[in-house]
Amino acid sequence: MKAGKSHRTKPESVQVIKQRRDGVLKALVQGVPYIQFLGIQFDRRGDELTAILPFAEKLIGNPVLPALHGGATAAFLEVSAIIELSWAMLWDDVESGKIKIDALSDGKMPSLPRTIGFTVDYLRTGLPRDAYARAIVTRSGRRYASVHVEAWQDNRQRPIAQATGRFMMPIHKR
Amino acid sequence: MSDKLKVAQQFMSVLPHAHALGMEIISFSDGEVELAMNYDERFVGDPETGVVHGGAVSALMDSCCGAAAMSHPDNSGPTVTIDLRIDYMRSATPGQRIKAKAECYHVTRAVAFVRAQAFDHDESRPVATASGTFSVAIK
Numbered sequence: 224m225k226a227g228k229s230h231r232t233k234p235e236s237v238q239v240i241k242q243r244r245d246g247v248l249k250a251l252v253q254g255v256p257y258i259q260f261l262g263i264q265f266d267r268r269g270d271e272l273t274a275i276l277p278f279a280e281k282l283i284g285n286p287v288l289p290a291l292h293g294g295a296t297a298a299f300l301e302v303s304a305i306i307e308l309s310w311a312m313l314w315d316d317v318e319s320g321k322i323k324i325d326a327l328s329d330g331k332m333p334s335l336p337r338t339i340g341f342t343v344d345y346l347r348t349g350l351p352r353d354a355y356a357r358a359i360v361t362r363s364g365r366r367y368a369s370v371h372v373e374a375w376q377d378n379r380q381r382p383i384a385q386a387t388g389r390f391m392m393p394i395h396k397r
Numbered sequence: 002m003s004d005k006l007k008v009a010q011q012f013m014s015v016l017p018h019a020h021a022l023g024m025e026i027i028s029f030s031d032g033e034v035e036l037a038m039n040y041d042e043r044f045v046g047d048p049e050t051g052v053v054h055g056g057a058v059s060a061l062m063d064s065c066c067g068a069a070a071m072s073h074p075d076n077s078g079p080t081v082t083i084d085l086r087i088d089y090m091r092s093a094t095p096g097q098r099i100k101a102k103a104e105c106y107h108v109t110r111a112v113a114f115v116r117a118q119a120f121d122h123d124e125s126r127p128v129a130t131a132s133g134t135f136s137v138a139i140k
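If you read the sequences in order, they're chains A and B.
According to my numbering, the first sequence is numbered sequentially starting from 224.
According to my numbering, the second sequence is numbered sequentially starting from 2.
There may be inaccurate statements among the hints.
Stated by the list, open to error - Derived coverage of chain B by chain A (criterion: at least 3 residues anywhere in the stretch with Cβ under 8 Å from a Cβ of chain A; other residues may be distant):
1. 33-45
2. 50-61
3. 78-90
4. 112-125
Simulated from the structure, these hints should not be mistaken for lab results.
Remember, it's a predicted structure, so these values are computed and weren't measured experimentally.
The beta carbon of each residue, even a glycine, is placed where N, CA and C say it ideally should be.
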């Protein structure tokens, strides 16, 4: 049922909303071994996600500088982009109740987007400390999507890397 | 085993991220490098199929391309990635080792140009291709 102006339903309790949204995010992130291997976490404010890569010794590429490995930075950006896109894709169905959170946590995750390609620009040396990333879905169509993502460390205005990812959307039955 | 390959293998073994991903140098000479990474369940991106995450393939490609830039005879020092583009052709078959082959095909005073391909056991169909530029210091 669509909530029209004529019959406004009582707003849900904040706990119910939080549980549902955090549950979806957890289902997206926790089941992926590589995300756990890198130690990537997600912070959620409403529908805005920030990916966090807590510093770990194993992320170092050049021990002399020392600097984060370009591959670790690329992987962090790619994970951020694909989670943001999947999150945006699921949002409406989760909010409307079409997708039930219990089903997601039981491992019945709908098909997620697949990466076609990914281009990374390295802008500054990744220092041995935590990194953050935010992604924006710049285009999301029926078959393809494009996502832009930026990672930074101490200063949001001084990104360490940016990337654009091209993704194939799963075939959806509407 | 050539001395150059031995030095490169030693260098690789002290890079924490390359070590964490179990990267191994197969060959290293004059702008051409081969790197391999064993299948590991910790690197899986899709738990339902067991396919390795694209990010792990990216890390292998980045290392392989960087090493190819470093191995070029005109280059004297370490390299830093400027940009890297990766295209994924297909999923790597779960359980199979992934091998990347990179070629540094041009070097200027400041930039090395590199392209690479990654394969699983089927070497007739690439899993991914990459192209990138790296900053270098000319001798």
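For each hint, the structure was consulted:
{"no.": "1", "hint": "33-45", "verdict": "holds (count 4)"}
{"no.": "2", "hint": "50-61", "verdict": "holds (count 8)"}
{"no.": "3", "hint": "78-90", "verdict": "holds (count 10)"}
{"no.": "4", "hint": "112-125", "verdict": "violated (count 0)"}
Hint 4 alone, counting from the list given before, is not met by this structure.
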